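Participant: Could you put together the complete structure from these sequences and hints?
Top to bottom, those sequences are chains S and G. Going by the working numbering, the first sequence opens with residue 1, and the numbers climb by one from there. Going by the working numbering, the second sequence opens with residue 96, and the numbers climb by one from there.
Take the hints with a grain of salt, since some may be wrong.
These stretches of chain G come out as covered by chain S in the derived footprint (C-beta under 8 Å, 3 or more residues) [to be verified]:
# : segment
1 : 431 to 444
2 : 471 to 485
3 : 502 to 514
4 : 536 to 548
It is worth saying that the hints were derived from the structure and are not from the lab. Note that the coordinates shown come from a computational prediction; the quantities given were computed from them, not determined experimentally. Every residue gets a Cβ at the ideal spot worked out from N, C-alpha and C, and that includes glycine.
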Amino acid sequence: MSINRTELEEIAALAQLNIPDQQVGHITESLNQLMAMIEHINDANTEAVAPMAHPNDAWQLVRADEVTDTSHKAALLALAAHADDDHYLVPKVIE
Amino acid sequence: MIGLSIRQMAGMLAAKECSIQELCGVYWDRCQAFNETTGALITTLTEFNPKELLQAQALLDQGQQPLAGIPLVHKDLFCTHGIKTTCASNMLADFVPPYDATVVSRLQQAGMVTLGKANMDEFAMGSSNEHSAFGPVANPWDEQRVPGGSSGGSAAAVAARMVPVATGTDTGGSIRQPAALCGITGIKPSYGRVSRHGMIAFASSLDQAGVMAASADDCGLVLSAMSGHDALDSTSAQQPPWQWQKPDSPDMRGLKVGVVRDWIDGLADDGIKQLTWAAIEQCQAQGAELLDVSLPHADLAVSAYYILAPAECSSNLSRFDGVRFGHQTAQASNLQELYCRSRSEGFGEEVQKRIMVGAWALSSGYYDAYYLKAQKVRRLISDDFKAAFEQVDLIAGPVSPEVAFKHGEKSTGVSMYQADQFTIPASLAGLPCLSMPIGHTQGLPVGLQLIGRYFDEQTILAVADQYQQQTNHHQQTPEAFA
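Facilitator: So this is what it looks like as structure tokens:
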């Protein structure tokens with residue numbers, strides 16, 4: 001598996017990243033080296049092997065439906081790039 | 096006070112031979128003095144947290160608190176209330192969390208005193224600590240060389256004795272490899288042993304918090320305070336609280352140590368090969384029985400990991416879009432441009448590369464062929480370990496095929512990824528594993544990896560402690576920082 005410039009642009013779009021023109025060649029080469037390394041997994045016979053997503057057989061815990069936390073509105077609003085007294089302010093997105 | 100074990104420092108504090116402020120002050124001075132040379136810390140605190148000092152003193156007054164008043168630094172991906180937490184990224188350069196990670200709060204409750212936040216590879220992606228938005232970290236044994244990564248700042252800070260303890264995280268070797276390259280002890284516990292709440296995620300099924308310190312005993316004491324189920328992390332295991340038990344003697348009789356002969360004999364570096372065999376033979380001399388074990392699918396681990404970890408990273412890091420989290424660009428004319436510009440400005444190249452590999456592996460047409468296939472390979476590797484642990488109590492082998500390399504030496508190609516070949520298999524299986532120092536070659540430290548059964552941190556720490564009772568490699572410090 002290897003990718004070309006067009007495919008790199010498609011992957012960058014999926015990842016919501018901009019790749020500057022002057023870096024396209026270098027990043028394409030770098031990703032192709034990594035993809036060549038990854039190809040090695042195709043040497044494995046995985047027929048009838050169950051996929052393993054996680055090392056821990058955890059299950060989702062449940063708890064009583066009670067309020068256990070308090071409001072952190074001021075602290076959280078303070079983290080926003082822009083905010084007024086009660087809201088995050090984000091750039092206009094509807095044109 | 097420099098170079099003392101936690102138990103020795105705790106003894107001095109209990110005997111009132113020094114105060115908590117004096118002990119922490121000595122290390123605070125070293126953090127100030129050596130940070131310019133090492134680059135180990137992104138943030139050094141200008142004053143001690145008074146709440147931490149009060150808690151430490153209260154515990155000390157009650158007695159029997161081994162960690163009360165012991166200073167440490169946290170890897171800069173653990174959220175610290177009111178203290179900048181950058182993940183070594185421009186994406187989070189100004190992030191000041193409104194809460195503490197569970198690891199941080201548990202160590203505060205145990206009386207530990209925070210001195211700063213340690214440098215790292217951006218978002219924990221890297222094995223050299225060269226991928227930090229705040230500059231590289233120097234290896235205290237040779238400043239021209241890397242400390243390893245991603246917990247390179249934590250490792251360098253402990254190696255230079257700027258602190259006796261640092262927290263780290265390990266996804267594919269990020270505690271063990273820098274511990275080996277810097278000549279300290281570092282443990283990655285079993286997946287689920289320590290809460291990930293407040294630990295900024297890279298690859299959620301692999302990330303695990305751990306400890307880096309001079310000795311196995313120090314690591315065991317701190318890990319005991321960090322571990323245990325946390326209702327705030329559904330992946331933290333439903334296990335009873337774990338307490339480190341230091342062995343009374345160096346006698347290893349009755350212990351079966353597994354050796355993957357191919358891993359050691361295949362090492363290209365003769366110095367590392369000889370030291371690895373010498374350390375294993377030292378365990379044998381202390382009474383352990385050596386048995387050959389086989390991990391036939393381990394050579395597939397690097398390939399599987401570099402599909403699975405980027406896939407999880409691309410998902411986790413999608414939240415950093417300039418609106419929900421992270422840096423927001425000042426130049427965007429529409430929503431898509433806002434996302435793309437914010438992410439491209441905020442993330443460094445290595446992180447962007449891994450996000451793209453993950454997005455590709457999860458995309459239509461490649462999901463089954465790569466992501467699902469890698470998950471199946473993960474199962475094969477995990478099953479190899481299960482079979483091996485039917486014969487032995489732990490597995491010993493190399494951490495890294497090489498000593499610390501020079502800055503910039505591996506900036507291209509995949510050789511840095513391939514060097515994770517011995518650390519990744521245990522990460523994929525979620526097993527506890529550690530690195531302990533076993534000597535020097537070419538003037539640089541070498542580590543031995545011990546891998547244990549799931550939730551059996553006790554055995555690997557005990558063996559490391561017994562080895563350290565008979566050797567002094569863990570007490571060596573770089574001359575410039577003695």
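Participant: Does each hint fit the structure? Answer for all of them.
Facilitator: Each hint tested on the structure:
For the segment 431 to 444 of chain G, the stated coverage by chain S is satisfied: 9 residues place a CB nearer than 8 Å to a CB of that chain, which reaches the threshold of 3. Counting residues of the segment 471 to 485 of chain G whose CB falls under 8 Å from any CB of chain S gives 6; the rule of at least 3 is met. Given as covered by chain S, the segment 502 to 514 of chain G passes the check, having 5 residues with a CB less than 8 Å from a CB of that chain where 3 are the minimum. Given as covered by chain S, the segment 536 to 548 of chain G fails the check, having 0 residues with a CB less than 8 Å from a CB of that chain where 3 are the minimum.
Consistency note: the structure conflicts with earlier hint 4 alone.
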